[in-house]
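Make a model of the complete structure from these sequences and hints.
Number of protein chains: 4
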Amino acid sequence: MVADKSFDDIYIGEKATHSKTISESDVYIFAGIVGDFNPMHVNEDFSRKTPFKKRIVHGMLSASLISTVFGTELPGGSSIYLSQEVVFRAPVFIGDTLTAEVEVIEKRPEKKIIIFYTRVFNQKGKTVVDGKAAIMKNK
Amino acid sequence: MVADKSFDDIYIGEKATHSKTISESDVYIFAGIVGDFNPMHVNEDFSRKTPFKKRIVHGMLSASLISTVFGTELPGGSSIYLSQEVVFRAPVFIGDTLTAEVEVIEKRPEKKIIIFYTRVFNQKGKTVVDGKAAIMKNK
Amino acid sequence: MVADKSFDDIYIGEKATHSKTISESDVYIFAGIVGDFNPMHVNEDFSRKTPFKKRIVHGMLSASLISTVFGTELPGGSSIYLSQEVVFRAPVFIGDTLTAEVEVIEKRPEKKIIIFYTRVFNQKGKTVVDGKAAIMKNK
Amino acid sequence: MVADKSFDDIYIGEKATHSKTISESDVYIFAGIVGDFNPMHVNEDFSRKTPFKKRIVHGMLSASLISTVFGTELPGGSSIYLSQEVVFRAPVFIGDTLTAEVEVIEKRPEKKIIIFYTRVFNQKGKTVVDGKAAIMKNK
Numbered sequence: 001m002v003a004d005k006s007f008d009d010i011y012i013g014e015k016a017t018h019s020k021t022i023s024e025s026d027v028y029i030f031a032g033i034v035g036d037f038n039p040m041h042v043n044e045d046f047s048r049k050t051p052f053k054k055r056i057v058h059g060m061l062s063a064s065l066i067s068t069v070f071g072t073e074l075p076g077g078s079s080i081y082l083s084q085e086v087v088f089r090a091p092v093f094i095g096d097t098l099t100a101e102v103e104v105i106e107k108r109p110e111k112k113i114i115i116f117y118t119r120v121f122n123q124k125g126k127t128v129v130d131g132k133a134a135i136m137k138n139k
Numbered sequence: 001m002v003a004d005k006s007f008d009d010i011y012i013g014e015k016a017t018h019s020k021t022i023s024e025s026d027v028y029i030f031a032g033i034v035g036d037f038n039p040m041h042v043n044e045d046f047s048r049k050t051p052f053k054k055r056i057v058h059g060m061l062s063a064s065l066i067s068t069v070f071g072t073e074l075p076g077g078s079s080i081y082l083s084q085e086v087v088f089r090a091p092v093f094i095g096d097t098l099t100a101e102v103e104v105i106e107k108r109p110e111k112k113i114i115i116f117y118t119r120v121f122n123q124k125g126k127t128v129v130d131g132k133a134a135i136m137k138n139k
Numbered sequence: 001m002v003a004d005k006s007f008d009d010i011y012i013g014e015k016a017t018h019s020k021t022i023s024e025s026d027v028y029i030f031a032g033i034v035g036d037f038n039p040m041h042v043n044e045d046f047s048r049k050t051p052f053k054k055r056i057v058h059g060m061l062s063a064s065l066i067s068t069v070f071g072t073e074l075p076g077g078s079s080i081y082l083s084q085e086v087v088f089r090a091p092v093f094i095g096d097t098l099t100a101e102v103e104v105i106e107k108r109p110e111k112k113i114i115i116f117y118t119r120v121f122n123q124k125g126k127t128v129v130d131g132k133a134a135i136m137k138n139k
Numbered sequence: 001m002v003a004d005k006s007f008d009d010i011y012i013g014e015k016a017t018h019s020k021t022i023s024e025s026d027v028y029i030f031a032g033i034v035g036d037f038n039p040m041h042v043n044e045d046f047s048r049k050t051p052f053k054k055r056i057v058h059g060m061l062s063a064s065l066i067s068t069v070f071g072t073e074l075p076g077g078s079s080i081y082l083s084q085e086v087v088f089r090a091p092v093f094i095g096d097t098l099t100a101e102v103e104v105i106e107k108r109p110e111k112k113i114i115i116f117y118t119r120v121f122n123q124k125g126k127t128v129v130d131g132k133a134a135i136m137k138n139k
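Those sequence lines, one after another, are chains A, B, C and D.
So that you can map any letter, position 25 of the first sequence is 25 in our numbering, and since no number is skipped, the others follow by simple counting.
So that you can map any letter, position 136 of the second sequence is 136 in our numbering, and since no number is skipped, the others follow by simple counting.
So that you can map any letter, position 119 of the third sequence is 119 in our numbering, and since no number is skipped, the others follow by simple counting.
So that you can map any letter, position 30 of the fourth sequence is 30 in our numbering, and since no number is skipped, the others follow by simple counting.
No copy is singled out in the list; a pair is fine if it fits within one copy or between any two copies.
Pairs of lysine-lysine, DSSO-like flavour, derived with a Cα cap of 27 Å:
id, residue 1, residue 2
1, LYS54, LYS139
2, LYS111, LYS126
3, LYS124, LYS54
4, LYS5, LYS54
5, LYS20, LYS54
6, LYS107, LYS5
7, LYS132, LYS111
8, LYS20, LYS53
9, LYS111, LYS54
10, LYS112, LYS126
11, LYS20, LYS126
12, LYS111, LYS15
13, LYS126, LYS53
14, LYS15, LYS126
15, LYS132, LYS112
16, LYS112, LYS15
Just so you know, these hints were derived from the structure itself, not from any lab.
Structural data, given as structure tokens:
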């Protein structure tokens, strides 16, 4: 069962994470769902000639791991995702292991809104995506 | 082949779109890639008891259609996705037809950065996601 | 992050669950991975003439939800799956919402082995799969 | 078309198999269907620090190949899968070639039930999963 913390049980500084090694199939199937077949993602031959030298993972796939933490760990269950800002800071390659981390930085009790600092980092600890998000709890 | 417009060829007010009817398999496979099994997305029995009455599509799946427009239509090809802000304005259900639309609202020639107003709307024209994005062209 | 309870923290009677509505795409993609294209699973026309009247979900797909609880909830993390017995008690149809539940029924401290009663039930509370499992903790 | 042998045509000692090299995408998509994102399966960085040194295949994915033999080879067609016991004997890694083999060890004519010894072995002949299963024929 996914977690489901109430507004009052969540504290400033609380963190949660979700980790995954991004496979080629993740990138290809994500491309197939959203329709983003930019050659930087699915054309190895083209990608060799780019500054990155190989295929890169869709930024929004990396960013989506943040929403996974919200949906399954903190706050989980009965939450409404209000907004998300993401800054793409570094490329992600197939085979990188990503960890999405969310941290409570502000609570607004009047509407039960929680502000999170969100980031995704790779196996070397390098931040690849970061930004803020707002979540509303209905309990 | 995906489009690949240069910075100078892109004008303020220019728009592009990408549309798709979101299937149950889109939602399920997206859940499987990112690991977000919140019951609002994959549990029909649970969802019937929520205010939405049925399973809703992951907000980041809807938002990812915006990046598809950037990757394949405008500007396409050789672009660097710098940042994306999204506000989730209305629920999206399985079977909804979404259109992601991007519109050039500002050009910053010194670094070849383009600012877009981005939104996703459903088959009734209702905006479900919106916000701004920044893209840097390398040509 | 998935749970990771130690042997000593787990008590007799402790339970955990994982729930999901089984989609047609779940059944089809599972069929594609394992190669089980029995017409009862993927041939709607054939299935109409069987006693079940429609396509049924692979028993091992339903049973696999039990291992999901072990892998992500209880005990989670550092566990070794020793054995699983399953008895298939009732058919599962596309669109059914399944809940896999595991319950600790015995602890064997000498080897840190935990015996679970495991079952999967549908949205009507009907048990579709049950049996026992053994898990060894390495902490 | 899948096979469909009648109870009387099946003899003690009869065997059938199903083989597949397990890909990373098999493991990832299986994880996505059942929701089992234990880091031993999808986190290469984490797995390097475990005794296995790399990501392992879900035990129930290996075990599911047994049911594929039942569904497509022996007895195939009109069969009811009554029960399956599995003992997980050795780890399976991405890239291993698995063969599931079933062997008839007992026939119970009064209810047309067939008992099988079932096992899965890898490309080195090592048994990774074994146990017994019961199948009922309706012809």
